[in-house]
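Colleague: Sequence:
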Amino acid sequence: MTKTNENSSATLSHEASWALAQLAQQRYGRDAPVLSWSIRQELIRAGFVSVPQAARNVATITPAGHHFLLVNVAR
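Adding 572 to a residue's 1-based position in the sequence shown gives its number in the numbering used here.
Warning: the hint list may mix true and false statements.
[Said to hold, decoys possible] Here are the in silico distance ranges between beta carbons for each label pair:
hint	residue 1	residue 2	range
1	PRO635	THR583	16 to 22 Å
2	HIS638	HIS586	26 to 32 Å
3	THR583	ALA626	28 to 34 Å
4	VAL643	SER622	15 to 21 Å
5	HIS638	GLN613	16 to 22 Å
6	SER622	HIS586	20 to 26 Å
7	HIS586	GLN625	24 to 30 Å
8	ALA626	HIS586	28 to 34 Å
9	PRO635	GLN613	16 to 22 Å
10	SER585	VAL623	17 to 23 Å
11	HIS586	VAL623	28 to 34 Å
12	THR583	LEU642	25 to 31 Å
13	TRP590	PRO635	16 to 22 Å
14	SER622	LEU642	17 to 23 Å
If you're looking for bench data, these hints aren't it; they were derived computationally from the structure. Glycine residues also receive a C-beta, built at the ideal position from the N, C-alpha and C atoms.
All chains, please: the whole structure from these sequences, using the hints.
Modeller: Right, here's the structure in full:
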């Protein structure tokens with residue numbers, strides 16, 4: 573994990589960490605959570621989520637996001 577991601581994880585809001593945990597759960601179709609623009613931008617800036625240019629509504633958790641969940645949320 574890079575130093576930038578470590579600094580970002582320290583300032584990640586409660587709502588963003590909750591949203592990241594929700595994204596980590598396997599869901600399909602209408603059950604998939606929809607992120608607000610601000611939460612999605614916070615997760616992207618932290619390096620925890622990536623969004624393909626062609627698919628605006630699809631967010632994928634990065635390896636750094638999985639690591640953040642293991643260290644901070646799965647306790």
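Colleague: Hint by hint, say whether it matches the structure.
Modeller: Structure-based check of all given hints:
1. PRO635 <-> THR583: 16 to 22 Å: holds, 20 Å
2. HIS638 <-> HIS586: 26 to 32 Å: Violated: the Cβ-Cβ distance is about 19 Å, outside 26 to 32 Å.
3. THR583 <-> ALA626: 28 to 34 Å: holds, 30 Å
4. VAL643 <-> SER622: 15 to 21 Å: Holds - the Cβ-Cβ distance for VAL643 and SER622, about 19 Å, lies within 15 to 21 Å.
5. HIS638 <-> GLN613: 16 to 22 Å: The hinted range 16 to 22 Å holds for HIS638 and GLN613, with Cβ atoms some 20 Å apart.
6. SER622 <-> HIS586: 20 to 26 Å: holds, 22 Å
7. HIS586 <-> GLN625: 24 to 30 Å: holds, 29 Å
8. ALA626 <-> HIS586: 28 to 34 Å: holds, 31 Å
9. PRO635 <-> GLN613: 16 to 22 Å: Given range 16 to 22 Å: holds, Cβ gap about 20 Å.
10. SER585 <-> VAL623: 17 to 23 Å: holds, 18 Å
11. HIS586 <-> VAL623: 28 to 34 Å: violated, 21 Å
12. THR583 <-> LEU642: 25 to 31 Å: For THR583 and LEU642 the Cβ distance comes to about 19 Å; the hint is violated.
13. TRP590 <-> PRO635: 16 to 22 Å: Distance hint for TRP590, PRO635 holds at roughly 20 Å.
14. SER622 <-> LEU642: 17 to 23 Å: holds, 18 Å
The earlier numbered hints that this structure contradicts are 2, 11 and 12.
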